[in-house]
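2 protein chains.
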Amino acid sequence: MKRLTLYLREVEHLLAQGEKRVSSRQLGQGLGVTDTQIRKDLSWFGQFGQAGVGYSIEDLAARLRQILGKDRTWKTALVGAGRLGQAILSYGPFARDGFEIAAVFDADASLIGSEVGGRCIRRMEELDQIVRDREIVLGIISVPKEAAQATADRLIDAGVLGILNFAPVRLDVADRASVVSVDFSARLEQLAFQVSLGLKGSIDGDD
Amino acid sequence: MKRLTLYLREVEHLLAQGEKRVSSRQLGQGLGVTDTQIRKDLSWFGQFGQAGVGYSIEDLAARLRQILGKDRTWKTALVGAGRLGQAILSYGPFARDGFEIAAVFDADASLIGSEVGGRCIRRMEELDQIVRDREIVLGIISVPKEAAQATADRLIDAGVLGILNFAPVRLDVADRASVVSVDFSARLEQLAFQVSLGLKGSIDGDD
Chain R
1 MKRLTLYLRE
11 VEHLLAQGEK
21 RVSSRQLGQG
31 LGVTDTQIRK
41 DLSWFGQFGQ
51 AGVGYSIEDL
61 AARLRQILGK
71 DRTWKTALVG
81 AGRLGQAILS
91 YGPFARDGFE
101 IAAVFDADAS
111 LIGSEVGGRC
121 IRRMEELDQI
131 VRDREIVLGI
141 ISVPKEAAQA
151 TADRLIDAGV
161 LGILNFAPVR
171 LDVADRASVV
181 SVDFSARLEQ
191 LAFQVSLGLK
201 GSIDGDD
Chain C
1 MKRLTLYLRE
11 VEHLLAQGEK
21 RVSSRQLGQG
31 LGVTDTQIRK
41 DLSWFGQFGQ
51 AGVGYSIEDL
61 AARLRQILGK
71 DRTWKTALVG
81 AGRLGQAILS
91 YGPFARDGFE
101 IAAVFDADAS
111 LIGSEVGGRC
121 IRRMEELDQI
131 VRDREIVLGI
141 ISVPKEAAQA
151 TADRLIDAGV
161 LGILNFAPVR
171 LDVADRASVV
181 SVDFSARLEQ
191 LAFQVSLGLK
201 GSIDGDD
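Protein sequence lines correspond, in order, to chains R and C.
Residue 1 is where the first sequence starts when you use the working numbering, and the numbers rise one by one after that.
Residue 1 is where the second sequence starts when you use the working numbering, and the numbers rise one by one after that.
No lab work stands behind these hints, which were simulated from the structure alone.
Hints should not be assumed to be uniformly reliable.
Where chains are identical, the list cannot tell them apart; a pair therefore holds if satisfied intra-copy or between any two copies.
Straight-line C-alpha distance at most 20 Å; calculated DMTMM-like pairs for lysine to aspartate or glutamate [said to hold, decoys possible]:
hint : residue 1 : residue 2
1    : 70        : 100
2    : 200       : 172
3    : 70        : 97
All figures in this text were calculated on a predicted structure; none of them were measured in a lab.
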């Protein structure tokens, strides 16, 4: 995925420069990737590009955006409007990166109806209906860990295809949805490990 | 690191059962790892274990704990006591996993002196002194992105060796410290990618 993101950035750069076609060799040169690797990565997603002629930059950009899910806005529901949920709602880059928080839910009756980040907090009982009506496809779970599995089941039953899980618990979704977990403790353990080994510099949480 | 964590768990299990020695083959059997892989992983960290005799389980456990940074308590400072900082402070597993939030700082004068998660919020001006006095070695940054780099510099100047960064910005620390970033947007992009490809099931943020 890292390399595909890199390819898309380079291809969009070429597109902005008015270029029409690019060979895998040209594409690789600026990125420090071999043309063999590029052809291999792209062939995973079907045949596009012709031997000797290279890729149409416009087609390649469109295809990469599609593969990376960047050709659409992802309607997302956030469940759990406590401190963490509020912090997530005020996190800037989501909207820029193609994610729209389309609804916010919480089980705490005292929060219902109040606004957070310009969005009204809804009752859990409304979740199924709203997720269906607004065609929400992703869910962010920022509820206490005891409630996380039930929340995941509920989101999936309502039609959600992917879950970003902030609760410190492993969700069991079998093959009903995709799950990516953000585990603060695991990141801190990773940091302690690096410091123990004397490793310096920056490592992204998504490496 | 994943494998080392796995080895430690298995070794501690054997230790609890009263076992004294284990061969790399025995260790690997329960874990689905070849003995060659285990010997290779462990040899990275120097010579321990003898051919034909195996490893002393007690020594191996101690060494693995040390390598993974689990043989100590990591004193940690949190900078930024807003919503995200408060959410991090109320995150349960930190203490269990060997991390102690030893001080909390914020630049917002209205927060100074108030308590959050049983800890008093301190002024930024006190950071250097407190980090030195309490021998704090890790920092968690949950400040707005504009303030993140200056906060990192300040923590490192005060003696911090590792930073867990929640701000959506890449920190430049050269070789002065270790940095692990938690990038919510990158995790959500990862999820969108998985959903686009129709991949189901659970993937940890730390994979």
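Hint check results:
no. : hint        : result
1   : 70 <-> 100  : within (13 Å within a copy, 40 Å between copies)
2   : 200 <-> 172 : between (36 Å within a copy, 11 Å between copies)
3   : 70 <-> 97   : within (8 Å within a copy, 37 Å between copies)
When each numbered hint is compared with the structure, no violation occurs for any of them.
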